[in-house]
Amino acid sequence: MEITLNWYLSLSAVLFVIGVLGVLMRRNAIVILMSVELMLNAVNLTLVALSQAMGDVAGQILVFFVMAVAAAEAAIGLAIIIALFRKKVTVDVNEFHLFKY
Amino acid sequence: MDLTNIYASLPADLVATFSMVLVALVALALVVWDAFRNNAPGIPWAGVVALGVAIVWELFALGDAPGTAWYGMVRTGGFAAFVNIVVLIGALLSIILSVPYLREIRHAHGEVYAIILFATVGMMLLGTANNLVAVFVGLETMSISLYILTGLVREDEGATESALKYFLLGAFSTGFFLYGIALLYGATGTMDLARMSEGLAAGENLVMFWAGVGLLLVGFLFKVSAAPFHMWTPDVYQGAPTTLTAYMSTATKAATFASLILVLYAALPPERWTMVLAVIAVLTMVVGNVLAIAQQNVKRMLAYSSIAHAGYVLVGLAAGTPAGYAGALFYLLVYSIMNIGAFGVMALLEWDGKEGQTQTLNSLAGIGPRKPLLGATMVVFMFALVGFPPLGGFWGKVAVFAPAVEAGLTWLVIVGVLASAVSAYYYLRVLYVFWMRSPEDEPEAAAVQDRVFAVPVTSAAVLIVCVVLLLYFGVRPGGILETTASFFAGPGASMALLP
Amino acid sequence: MLTDFVPLFLMMALALGLALSLLKLHQLLGPKRPNLIKTAAYESGMDPIGTARERYSVKFYLVAMIFIVFDVEVVFLYPWAVSFRDFLAADAGLGVMMVVSFFILVLGIGLLYDIKKGGLEFE
Chain A
10 MEITLNWYLS LSAVLFVIGV LGVLMRRNAI VILMSVELML NAVNLTLVAL
60 SQAMGDVAGQ ILVFFVMAVA AAEAAIGLAI IIALFRKKVT VDVNEFHLFK
110 Y
Chain B
-13 MDLTNIYASL PADLVATFSM VLVALVALAL VVWDAFRNNA PGIPWAGVVA
37 LGVAIVWELF ALGDAPGTAW YGMVRTGGFA AFVNIVVLIG ALLSIILSVP
87 YLREIRHAHG EVYAIILFAT VGMMLLGTAN NLVAVFVGLE TMSISLYILT
137 GLVREDEGAT ESALKYFLLG AFSTGFFLYG IALLYGATGT MDLARMSEGL
187 AAGENLVMFW AGVGLLLVGF LFKVSAAPFH MWTPDVYQGA PTTLTAYMST
237 ATKAATFASL ILVLYAALPP ERWTMVLAVI AVLTMVVGNV LAIAQQNVKR
287 MLAYSSIAHA GYVLVGLAAG TPAGYAGALF YLLVYSIMNI GAFGVMALLE
337 WDGKEGQTQT LNSLAGIGPR KPLLGATMVV FMFALVGFPP LGGFWGKVAV
387 FAPAVEAGLT WLVIVGVLAS AVSAYYYLRV LYVFWMRSPE DEPEAAAVQD
437 RVFAVPVTSA AVLIVCVVLL LYFGVRPGGI LETTASFFAG PGASMALLP
Chain C
4 MLTDFVPLFL MMALALGLAL SLLKLHQLLG PKRPNLIKTA AYESGMDPIG
54 TARERYSVKF YLVAMIFIVF DVEVVFLYPW AVSFRDFLAA DAGLGVMMVV
104 SFFILVLGIG LLYDIKKGGL EFE
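Protein chains in written order, with my numbering: chain A, 10 to 110; chain B, -13 to 485; chain C, 4 to 126.
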């Protein structure tokens, strides 16, 4: 059986949805961060597959930038989470509700 | 690919995007400066000089014909110059306001100003990007810098918490935005905005295309805090340091809306957007204005009001005509000035710097007569935000509402005008409490008001400049409106047909 | 027009369904016969001593973060190195060196900042 473009697109769609569900259903800030990274990497798979299928290099160039951005985001995100952990000694997002009406 | 003479256009590109390059280089220099001289007092002023030079440079570029630089990545010419000016002015005024404010809250790190400049570079790239790669890089440079600025006061639980909220939701929306880019790329075979519609005509991937556009819109609407993607805005604006909130709420919106205009105008087939954007505009205006009424904290109230103002800009985009886009650009300029002014006044009224998070409006009772400059300038900003003539806000609203009427969206404009009428209540209540009440009426006011710190000359100058600009926009809006309209009209008009 | 979207909705429903069912299926289908050895942290290794929740210095995170950022930036050098010969052949070697030198310079400034601010000092 031939592996066509649609297989890659479907796989990355599934990965993306798993990432989205992870963000929506998990309450641990670090797991949410990991789910976001999963979303970004699912998109990377889409981009590389499309780029390969169309013989156009622009998609792969964007993948490099996405990887760099994901690293920067992880660094900033972990820094914020550590700063908050020092204050509250928890990373459960349900515990963060200082601002309300 | 032919690589001969590939760097021949380098000098011309450097000149065409001089302001962006300058701000980026100065930001790098500030990082080195701060590494060797920790928190040197000259750092913010070097940033101010760079931003000032960049603004002057862009003023001369306002009349240029549209073009591209850096191999079609970045747009140059009038539109780009206007967007850059709005962003640069926002950064300039915010930095000047931040210097005494951050010193007062003991967070006058040199890095803050470097990060503001980095965010500014990201915004300039985002607002002038001609390619989805550049849009993404600009958006993320901006967002990551803003996450740091939000959590600047890291001993404070509220600030860190709002930074985490902003970060998690922002990263989440980035995922959608990026998936939208990927699907658009798959459907059209190009990342170049100008070639996108012809790529679509050649292909038959309509489903993929519309799914991509939808996801892209979600990402954009999140960043401009349009309902129903506005949830993060009040928390983040309340938790962040006030002068940085001023920066975040204005320059970010200007750059993101400019990019959205480019995508809608240059890349997508027209006509189908009207209803989607109109519905979102209605939601945004209603949610922003109605929830703002209930707020006791002025910063939170201004956050909801900034949601409402995103709704007004969306009215101009929903019209989908060149006049609508031109009006939206003008509105962004006016909105930036009046919002920076309002947040600037609030920053100067915080007793010890951090009470912006908890300070209630009632504790400011009777502050007008005691601090006449702040009270008087706040009158101008509040009336401008309501949209009273003869201030800039009035012409801003006219510039976005009139094209919508012409485009047959009268019902949308009626909602918009009603929403503005509602907004008069909460804006004018600020003035009522400032001027008509006295501290004796409010027990919580009497206790804290003696601690107001003195108004620094530089901050006063910024507020006065904002007032003068708003009066100028109100009295002579014609020239600027014609300039913004010229980006979408005339011979070089069709930006979609760039070389 | 609307029928065009049916495959899209199908795909979205499929993606959602598959993701949800995969999350649930492993709980339902997988046999669960725990015993003392199976529940140990290392099934065929040493028994763990003490708690894993020990506090360790935040410096580890700092170094890790700095590493991630610099590590990933190097992905930009990879395609550059691969296509370097093509640039040389096209007589654009000077330009391509200048561009990449600037990139390294920016990273170098970051490193300089780290060192000066004590980000790499371990006690």
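Hint data in this document are derived by calculation from the structure and do not stem from the laboratory. Don't take every hint at face value.
Claimed, not checked - Pair by pair, the computed Cβ-Cβ distance ranges are:
| # | chain 1 | residue 1 | chain 2 | residue 2 | range |
| --- | --- | --- | --- | --- | --- |
| 1 | C | Arg36 | B | Ala188 | 22 to 30 Å |
| 2 | B | Asp(-12) | C | Leu17 | 53 to 61 Å |
| 3 | C | Leu17 | A | Glu11 | 39 to 47 Å |
| 4 | C | Lys41 | B | Pro255 | 56 to 64 Å |
| 5 | C | Pro82 | B | Tyr411 | 31 to 39 Å |
| 6 | C | Asp74 | B | Thr444 | 38 to 46 Å |
Here the structure is a predicted model, which means the values were calculated and not measured. Quick reminder that beta carbons are idealized off the backbone N, C-alpha and C, glycines included.
Each hint, compared with the structure:
1. Taken as a hint, the range 22 to 30 Å is violated for the pair Arg36 of chain C and Ala188 of chain B, whose Cβ atoms sit roughly 59 Å apart.
2. For the pair Asp(-12) of chain B and Leu17 of chain C, the supplied restraint of 53 to 61 Å is violated, since their beta-carbon distance comes to about 44 Å.
3. Checking the proposed 39 to 47 Å range against Leu17 of chain C and Glu11 of chain A shows it is violated: the Cβ atoms sit about 20 Å from each other.
4. Checking the proposed 56 to 64 Å range against Lys41 of chain C and Pro255 of chain B shows it holds: the Cβ atoms sit about 60 Å from each other.
5. Distance hint check for Pro82 of chain C and Tyr411 of chain B: the Cβ-Cβ separation is about 57 Å, which falls outside the suggested range of 31 to 39 Å.
6. The given range of 38 to 46 Å is respected by Asp74 of chain C and Thr444 of chain B, whose C-beta atoms sit roughly 42 Å from each other.
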